[in-house]
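There are 2 protein chains.
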Amino acid sequence: MAAEQSATKLTHAEKCIRDLVQTFYDCSRKDADQENLSLGEFTELVKKNFPHYLEGVNMEDKIKELDTNNDKQMKFSEYWKLIGELAKNAKRCEKAKHQC
Amino acid sequence: MAAEQSATKLTHAEKCIRDLVQTFYDCSRKDADQENLSLGEFTELVKKNFPHYLEGVNMEDKIKELDTNNDKQMKFSEYWKLIGELAKNAKRCEKAKHQC
Numbered sequence: 044m045a046a047e048q049s050a051t052k053l054t055h056a057e058k059c060i061r062d063l064v065q066t067f068y069d070c071s072r073k074d075a076d077q078e079n080l081s082l083g084e085f086t087e088l089v090k091k092n093f094p095h096y097l098e099g100v101n102m103e104d105k106i107k108e109l110d111t112n113n114d115k116q117m118k119f120s121e122y123w124k125l126i127g128e129l130a131k132n133a134k135r136c137e138k139a140k141h142q143c
Numbered sequence: 044m045a046a047e048q049s050a051t052k053l054t055h056a057e058k059c060i061r062d063l064v065q066t067f068y069d070c071s072r073k074d075a076d077q078e079n080l081s082l083g084e085f086t087e088l089v090k091k092n093f094p095h096y097l098e099g100v101n102m103e104d105k106i107k108e109l110d111t112n113n114d115k116q117m118k119f120s121e122y123w124k125l126i127g128e129l130a131k132n133a134k135r136c137e138k139a140k141h142q143c
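Chain order of the listed sequences is V and W. Just so you know, we're using the numbering used here here: the first sequence kicks off at 44 and counts up by one. Just so you know, we're using the numbering used here here: the second sequence kicks off at 44 and counts up by one.
It is worth saying that the hints were derived from the structure and are not from the lab. The reader is advised that the hints may include incorrect statements.
Each pair may be met inside one copy or between any two copies, as identical chains are not told apart.
In silico DSSO-like pairs for lysine-lysine, Cα to Cα no more than 27 angstroms straight-line [stated by the list, open to error]:
hint	residue 1	residue 2
1	Lys73	Lys91
2	Lys107	Lys131
3	Lys131	Lys73
4	Lys58	Lys140
5	Lys90	Lys73
6	Lys124	Lys105
7	Lys115	Lys138
8	Lys58	Lys91
9	Lys91	Lys105
10	Lys52	Lys115
11	Lys118	Lys90
12	Lys107	Lys124
13	Lys107	Lys140
14	Lys140	Lys124
15	Lys140	Lys73
16	Lys73	Lys115
17	Lys73	Lys138
18	Lys107	Lys58
19	Lys138	Lys52
20	Lys105	Lys52
21	Lys105	Lys90
22	Lys140	Lys52
23	Lys58	Lys73
24	Lys118	Lys138
25	Lys118	Lys140
26	Lys124	Lys58
Next up, chain V with everything else stripped away, as it sits in the complex (with noise of 0.2 angstroms):
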């Protein structure tokens, strides 16, 4: 990737890419431990950011599912997994939408 990409240039989709990698760390850097989310931090940027894609889900589980090694905080990759699941949640409707 080119070294700095001046935010101004970047295209939509470089945009979307780079403001979801700025949700995980405007609640990762809350604390000290800047590179991983807590449990609250994690369910903290779920309740502002994924309101309606993350409806009605259950917090502990969808966190149990995540926290693939169980250390009760949740790195980039994690974070990244639920990130996928939803883009695949929004394709299925999408899908769905343009053969109805």
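Position chain W against the provided structure of chain V, taking the given hints into account.
Only chain W this time, still in chain V's reference frame:
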């Protein structure tokens, strides 16, 4: 996920995911096989949407790497592997920027 979120209600993070899914469909729906990207569609998608994040990357190598089942087309999961890779790169840049 709630049945159908009216697009206007979605948060910015949800719109980022929706738009990255839409980026796939904007290119995959150009031919009869709307659920897969031909290699031509994939190359066009990358040039148009990720010119900075994939600057200088050899497309033939990238396609070989992503087209894991070697069927000469890209299904959504193979496209999303690329998105995940770009997110990891963007995360590295964000982390480095924050530590300077």
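Where does the structure disagree with the numbered hints, that is, which hint numbers, in rising order? Hints 10 and 13 contradicted; others consistent.
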